[in-house]
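Quick note, the sequences are listed as chains X, P and U, same order. So in my numbering, spot 295 of the first sequence is number 295, and the numbers just go up one at a time. So in my numbering, spot 179 of the second sequence is number 179, and the numbers just go up one at a time. So in my numbering, spot 221 of the third sequence is number 221, and the numbers just go up one at a time.
Some hints here could point you the wrong way.
Only pairs whose alpha carbons sit at most 25 angstroms apart, straight line, appear in this in silico PhoX-like list of lysine-lysine [stated by the list, open to error]: (1) X:Lys327 <-> X:Lys98; (2) X:Lys94 <-> P:Lys45; (3) X:Lys98 <-> P:Lys45; (4) P:Lys45 <-> X:Lys327; (5) X:Lys98 <-> X:Lys131; (6) P:Lys45 <-> X:Lys321; (7) X:Lys230 <-> P:Lys45.
Among chain P residues calculated to face chain X with C-beta under 10 angstroms, some are [as the list claims (entries may be wrong)]: (8) Ser46; (9) Ile127; (10) Asp232; (11) Trp262.
Just so you know, these hints were derived from the structure itself, not from any lab. In this text, a Cβ means the ideal position worked out from N, Cα and C, and glycines have one as well.
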Amino acid sequence: MKIFAAVLLNLALVLPACLSPAQAADPLRLGLLHTLSPAPFYMAQHSGYFREAGIDLTFRFFDAAQPIAAAAVSGDLDVGVTALTGGFFNLAEKGTLKVIGGGLHEQRGYEGSAILASNQAYDAGLTGMEKLGGRSFGITQYGSSFHYMIGRIAEAKGFDLKTVTLRPLQQVSNMVAAVGSGQVDATIAIASQAKALVAAKQAHILGWAGDVVPYQLTAVFAPTATIDGKTDVLQRFAKAYQRGVADYRAAFLRLDAQGRPIADANTDAAIKAIVEYVFVGDPDARTKILAGVGYYDEGAALDVADVVAQIVWFKAQGLVKGDADPKSILDTRFLPTR
Amino acid sequence: MARLDGPVRFRGGGFAPRDNRWASAGTLLGLVGLWQMAASAGLIKSLFLPPPIAIGAALWQLIVSGVLWQHLSASLVRLAWGWTSGTFFGIGMGLAVGLWSACRSPGMAVVAALFPIPKIALVPLFIVWFGIGEGSKIATLAFGVFFPTVIATAGAVDNVPRGLIRMGQSFGLSTAAIVRTIVLPGALPAILSGFRVTSSIAIVLLVAAEMIGAEQGIGAFVLSAGNLYDTDNLLAGIVVLSLLGLLVAWAIGQLERALLAWR
Amino acid sequence: MTGLRLTLTGICHAYRDLTVLDGIDLTVEPGEVTVLVGPSGCGKSTLLGIAGGLLQPSAGRVAVDGDIPDDCLNPLTYVFQDFALLPWRSVADNIALVLGKCPNPAARVAEVLALTGLTEFADAWPKQLSGGMRQRVGIARALAVRPACLLMDEPLSALDAQTRDLLLEEFSAIVARAGTTTLYVTHNLAEAVRLGQQIVVLSRRPGRVREIVRIDRPLTGRTARDPDLVAMEEHLWRTIRDDAAAAERERIDGKA
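One chain only, chain X, in its complex shape (with noise of 0.2 angstroms):
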């Protein structure tokens, strides 16, 4: 008995110093959607880059994108990946929260967010994005980057924002169902979702949001504390999360001469390290992850025009109020821009 506790009592003693490097490392907490968004994370983790930057790393996974800032701002998160909405630059807008880094990106040329059209109102004559004006349009609420891609292509469309419709209807699952059933006309779906309803012939797809308005969807934030408290472990985070997306890119991103995405061993790993996180035990996640990555930019880099673009047009919507320079919410020095 007692030798089994003195064995127990060593373990105890041994095992954290073997899973950590040689000092101490220093504990972080990373709030992220529990989605295949943030994969390049996911990959990070599995390979262990945060740990030999001496990072002790904890996912804190939310439902939603909205929280994920909020909970930053209440001092439980001590950075954040999430979606750049209205919500998210409000918050920041206070002087809490800098985005720091880029995150998922729409790109000409990867099929990132396709614009649907219901069957009903495909077959009246809604068959390119620029006849969008005058028909009701599902986002996921005011502010959300639903609002602002169809905002941004409207701009770019050459029709008025003010004559869609716009359906509020809070969650992705109801804007599938509703464009599905022909509840609204058109909405905007990730690709794995779209090519589905599309495979269902229950949608059509008008174009993707990519070839319209390259656009930063995600980004990588940490409130004030952070930045200002723990600014060399925040650098030591940022290298380690660049390597993931090194990794990402390499499984997932590279083109043949056809500009159809290469799959090798490299993607095979990469598939391996995420099913950890998501997808775990679905027999269909190979397929799934392959439908569902979305573009990052090399290094992570943030795409300032954008983001910048983006507080300008929520601030002419009046859903941001505040006149503080868009540049200060940005903290530039962790990763590059684009």
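Position chains P and U relative to chain X; hints supplied.
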């Protein structure tokens, strides 16, 4: 033997609290004043709770820009339809349950089974049934109002003194006349108190009803402001909802005074 | 005298296994006041409910025969102990409520209000009236339908003694003048000897007819201190006393 000598000590009184309008208004104003002072002194960060003046400014902006009226009118139409239809059918079913054995147990079983369902959970179902437009919103409100109305009405009918109904029968009044002249007026006070509850429920459900697919509406406005972390407008919207509740309660009070003068 | 005769034959009534009335035979003669007395719980009010068709007897039958006036709206008409006035209707509207089939209800209302001295209270709410005034409304309402038979269920029991005496005088004058067949339930023996031409004494539960007494003096000449009536009241009390004492000590549900 002990002796009792002297005046009898007064030992009655008390247990009769009185209302004081000025005290209630004063308390609310005092709390708001305290809140403003704490905010001005920097004790409360505006990110966590905006000061009353900022909320007032947001409200004023909503009023002068006409935005408030757009939202409010959309919500009032929904409230009117949803509450009225829920109340109409609720009173009908409550009367049936209160008057006829054939309806009583089946009706109350259905009510007991469906009343506790959170109406928010049914919103997706209502969208499939009634569409994304006004139908599902009105249905959400009507559904929320219906069950408490049934319960209030059935209870009210049960509490109509049976002696009055026997009197009606003894003078040869028809069943319809008894329901119209004795049961309904006798149940009216309890039905009107039910209105206080159901009108509050309807206002609470407004936010749930306007969650899906509402471009206009005070509930949609509050949700959207919350999503945008636009706390000034969020609280301005909440103030509007609260004032709406007070206004409806006042209107029901006036209705009671007009209809129940005999009490 | 013309009017309605009310005949009760073999009336039995039971609530579950508790027998309340056991084989009551009784005739209410036309134009007479029949008073039902008995110890509390003997089923007097139940019998009255059966007589007017408000309660279903477990056995026996109630029959009426005789002429009713052309303008009679409700031959068998009750006056209730608790008045049974609708609190949300004014005095006049309470009376108008039961005049649905009357060609000129307003005139009827005015007439019975004048008869009972209620004219100036026509627009009052019931809660604004004293108990005595409320029962006057109850009586006015009963008279308004031109009843062929009045069924009165302890109409004065809810009133204080002074009001009771005043109403008793008024009511006996009204009945004496109109000559309406009346079945009057009371536990008050003084009321019984002042009003009754026929006094039916019921035994304690299960109620049976113990004695029937007749007083063949006109109602108009009777006073509270009349020695014959006082003697009659004492006789009735002796008849009832033991039953009343036993009934009072009995559990309400009838079980030992």
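Starting from the hint list further up, note which numbers the structure goes against and sort them upward.
-> 5, 11
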